[in-house]
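Student: Chains as they are written, first to last, in this note's numbering: chain S, 1 to 167; chain R, 1 to 111; chain L, 1 to 558.
Keep in mind that the hints were calculated from the coordinates and are not lab data. Some hints could be false.
[What the hints assert, rightly or not] No more than 20 Å apart at the CA atoms, straight line, and that leaves these computed lysine to any residue pairs for SDA-like:
1) L/Lys97 - R/Val63
2) L/Lys248 - L/Gly259
3) S/Lys75 - L/Ile264
4) R/Lys86 - L/Asp476
[Claimed, not checked] Beyond 12 Å from chain S on every Cβ pair, some chain L residues (computed):
5) Gly81
6) Asp103
7) Ile197
8) Pro296
[Claimed, not checked] Derived CB-CB ranges, DEER-like:
9) R/Leu111 - L/Glu530: 36 to 44 Å
10) L/Thr437 - R/Leu111: 13 to 21 Å
11) L/Asp275 - S/Phe76: 24 to 32 Å
12) R/Ser48 - L/Ala509: 38 to 46 Å
Note that beta-carbon positions come from the ideal geometry of N, C-alpha and C, so glycine has one too.
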Amino acid sequence: MKLLDRNGLKPDPWVRSEEIVPTEALLVPVAALDAALAARHDGQRIGAALPNTYRPADLAPVQDRLELVAIDFPKFSDGRGFSIAKGLREQGYRGTLRASGALIPDQFAFALHVGFDEIELSDARAERQPVAQWLHALTLIHDSYQDGADGAVSILKRRRLAAGAGA
Amino acid sequence: MGKRPQEALIMSANALLGGEVVYYAAGGRWSPHLADAFVARTEAEAESLEAARAAAEAQGAVVEPELAPVGTDAGGRLVPSHYREKIRALGPTVRTDLGPQAAGENAHVSL
Amino acid sequence: MYRYDEFDAAVVRDRVAQFREQVQRRLDGSLTEEEFTPLRLMNGLYLQLHAYMLRIAVPYGTLVSRQLRQLAMIADKYDRGYGHFTTRQNLQLNWPKLAEVPDLLDDLADVEMHCIQTSGNCIRNVTADHFAGVAADEVEDPRPTAELIRQWSTLHPEFSFLPRKFKIAVTGAARDRAAVAVHDIGLRLVRNDDGEIGYKVLVGGGLGRTPMIGKIIRDFLPKDELLAYLEAIMRVYNLEGRRDNKYKARIKILVHEIGTDAFIARVEAEYAKLDGASVNADPAELARIAAYFAPPEYESLPAVSEGFEAAKARDPDFARFAATNLFPHKVPGYTAITVSVKPIGAPPGDATSDQMRALADLAELYSADELRITHVQNVVLPHVKLDDVHALWSALVEAGLETPNAGLITDIIACPGMDYCKLATARSIPIAQAIATRFADAERQALIGELGIKISGCINACGHHHVGAIGILGLDKAGVENYQITLGGDPGEQASLGQRLGPGIDAEAVPEAIERIVDTYLDVRAGAAETFIETVRRVGLDPFKPALQPREAQLEAA
Chain S
1 MKLLDRNGLK
11 PDPWVRSEEI
21 VPTEALLVPV
31 AALDAALAAR
41 HDGQRIGAAL
51 PNTYRPADLA
61 PVQDRLELVA
71 IDFPKFSDGR
81 GFSIAKGLRE
91 QGYRGTLRAS
101 GALIPDQFAF
111 ALHVGFDEIE
121 LSDARAERQP
131 VAQWLHALTL
141 IHDSYQDGAD
151 GAVSILKRRR
161 LAAGAGA
Chain R
1 MGKRPQEALI
11 MSANALLGGE
21 VVYYAAGGRW
31 SPHLADAFVA
41 RTEAEAESLE
51 AARAAAEAQG
61 AVVEPELAPV
71 GTDAGGRLVP
81 SHYREKIRAL
91 GPTVRTDLGP
101 QAAGENAHVS
111 L
Chain L
1 MYRYDEFDAA
11 VVRDRVAQFR
21 EQVQRRLDGS
31 LTEEEFTPLR
41 LMNGLYLQLH
51 AYMLRIAVPY
61 GTLVSRQLRQ
71 LAMIADKYDR
81 GYGHFTTRQN
91 LQLNWPKLAE
101 VPDLLDDLAD
111 VEMHCIQTSG
121 NCIRNVTADH
131 FAGVAADEVE
141 DPRPTAELIR
151 QWSTLHPEFS
161 FLPRKFKIAV
171 TGAARDRAAV
181 AVHDIGLRLV
191 RNDDGEIGYK
201 VLVGGGLGRT
211 PMIGKIIRDF
221 LPKDELLAYL
231 EAIMRVYNLE
241 GRRDNKYKAR
251 IKILVHEIGT
261 DAFIARVEAE
271 YAKLDGASVN
281 ADPAELARIA
291 AYFAPPEYES
301 LPAVSEGFEA
311 AKARDPDFAR
321 FAATNLFPHK
331 VPGYTAITVS
341 VKPIGAPPGD
351 ATSDQMRALA
361 DLAELYSADE
371 LRITHVQNVV
381 LPHVKLDDVH
391 ALWSALVEAG
401 LETPNAGLIT
411 DIIACPGMDY
421 CKLATARSIP
431 IAQAIATRFA
441 DAERQALIGE
451 LGIKISGCIN
461 ACGHHHVGAI
471 GILGLDKAGV
481 ENYQITLGGD
491 PGEQASLGQR
501 LGPGIDAEAV
511 PEAIERIVDT
521 YLDVRAGAAE
531 TFIETVRRVG
541 LDPFKPALQP
551 REAQLEAA
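Required output: the full structure, derived from the provided sequences and hints.
Tutor: Dropping the structure here:
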């Protein structure tokens, strides 16, 4: 697997496991989350791997204790993960958000806009759609009509700022 | 489409770049001419045609390959059995100046 | 008419560059066909029976002459010299080639046009009343709202991979000419008791396999809250719309399955959570957009034009056109003209590039440079002086666009059907042609009066047959085209879905069946002022059922 953010490939310290293991960074399915948090050793980072049917509100009680939330995209055409990410950011989750599964480079900018920080790619996918394509895809659409969690300011707002209507 | 064991089948698709209708011909090439279409007449041939369809879909040189039942007329020429595939062989019935029919192609096919 | 600023223009250009690269990546294999398909659909590019089809967005149906001339040029340069106006106010080209589409999109961008999100599982072209800005019964012009929604929904990062397509329509008048009740979201501009303008919000209308009338989920939404409220609706749909079955994936199914009250509760819960300030448009932005839709400089004219009246008196053909194709304008001395794109016997909604150029010239000369595409597949010239109507009509005659049948029985909506469309189960255009030819006589059409026939070539209902006063649905019955007739549909503020009249009939039998249905109506109507739909509502379907039986059976039964 490869891990990618807006700057390119990066090493992945997270270990995915269904069982509680004492790795420095442990990413568990949501069913094992309570146990992982209870067993957490000092300095251990805990992350939750969510299916794309998960309701963000259900994570609220523990979200401040998580350093990573990974949301699965079983098919690139299934856009539920984008709303789950948005919901998590809106309810104040400030850790890292990872999209994993079957995304394509053309969705990378959307993922960053809704609050994802990184994308996890299979090796096979990275072979067919190299990192350079992913990074290049980010450069194609310069402005958006919506605010982005990545700091993008919507065109609608930028017009107001340009018109000096911010006052 | 339901197929009975001995119904003859051809495969049609659309060309990726131009979008025009093409037919799977003997040797695995694609031809714009219905007359070139490979006809699967036995169950074994139908199975291999279906395999070719799946391969074509995965390979992506043509778009939306489909199998379609076909018959022959008194002159031995191929005639698609269903009106949909007949229309594909001719062109829009409301614009006879467009599609293969405009060049006189498939004049033996009528709805 | 909205004009792009540098932001709008940049988005459209960037999008073309992006699609150009996507085509390359499809050709070099880094994108599979499965991955490429939604990307090309989100740029309006379908695959049809004979060729690709490109759907060009005409936002809320409004065009200026420069744009229509460019569409004519594009139809000549990249296609076969004609285009098709659709039931969502767009224009379709039937013969583009994949490798040429990026250049075509660049030519569109030159005139502030695009194909963004005209297909795909995303928010589609926002449609609106084609008499926006000129109808006397209008509370507010719906087009600034439609333009705001267009911008908000364009390349929306959260809502580009929905369970299914999503269609929004806006009306600003008491009479609903935008069919909002059969859209995924329908918006009606209304005034509350304090005189403020806001939106009545309907959700879950739609046609297709399971037609439904939209449910009111908010009686009054303040204008400033529109985008945030739409986001809440979209988020509920994106998360909870069905993804297991393509035929149950629209929002109407979700609303139906969980119930309207439960749906409202979920939307309101989402709405309470989300950051409205970050999503809603500043009222100053809506005002900026609205300024583009300010009316043209109308002259101060008397309500009656002597020239117009005199022309009617001396020319019966012109008088007929004036009786059918003119819409009362809110400004005295003006009218909005419906140019019928339904010449008798021709494919409904198809216009040649020459006809497009002729219309562009007429718009520039007589209609403050503006045209509208209607969801009935016609064209409106919205700002015409009564003094100019005769000259305009003479030009229409030369262009073959003078058919005096707006709203009449030969003003038929037909989808492209199996002559073009891969999804079709039967042809629709020849049925429309046969019916129109049968009823060509102008006097007879005038006698029959307002009657909307809508024909779909498959269950997807792109011809809107469910909301036709007479609806016709073409199916495949054992390898033969077979047509089901429904009666009593209506797309307006009294929206209703048509009821099946009886078993399906052969293509050849359709014109005769329509004749008998019409004869029954003429027999049974309570005077000439009672329209066909009103009669059907009053007497029900039973009197019309014999119309489907072959004449021999009828004679035997007599």
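Student: Now tell me, hint by hint, if it's right for this structure.
Tutor: Each hint tested on the structure:
1. L/Lys97 - R/Val63: holds, 13 Å
2. L/Lys248 - L/Gly259: holds, 15 Å
3. S/Lys75 - L/Ile264: violated, 29 Å
4. R/Lys86 - L/Asp476: holds, 14 Å
5. Gly81: Its Cβ never comes within 12 Å of chain S, the nearest being 33 Å, so this holds.
6. Asp103: Holds, since 17 Å exceeds 12 Å.
7. Ile197: holds, 20 Å
8. Pro296: holds, 25 Å
9. R/Leu111 - L/Glu530: 36 to 44 Å: holds, 40 Å
10. L/Thr437 - R/Leu111: 13 to 21 Å: holds, 19 Å
11. L/Asp275 - S/Phe76: 24 to 32 Å: Between L/Asp275 and S/Phe76, where Cβ atoms are some 27 Å apart, the hint holds.
12. R/Ser48 - L/Ala509: 38 to 46 Å: holds, 43 Å
Hint check: a violation occurs at hint 3 only; the rest are consistent with the structure.
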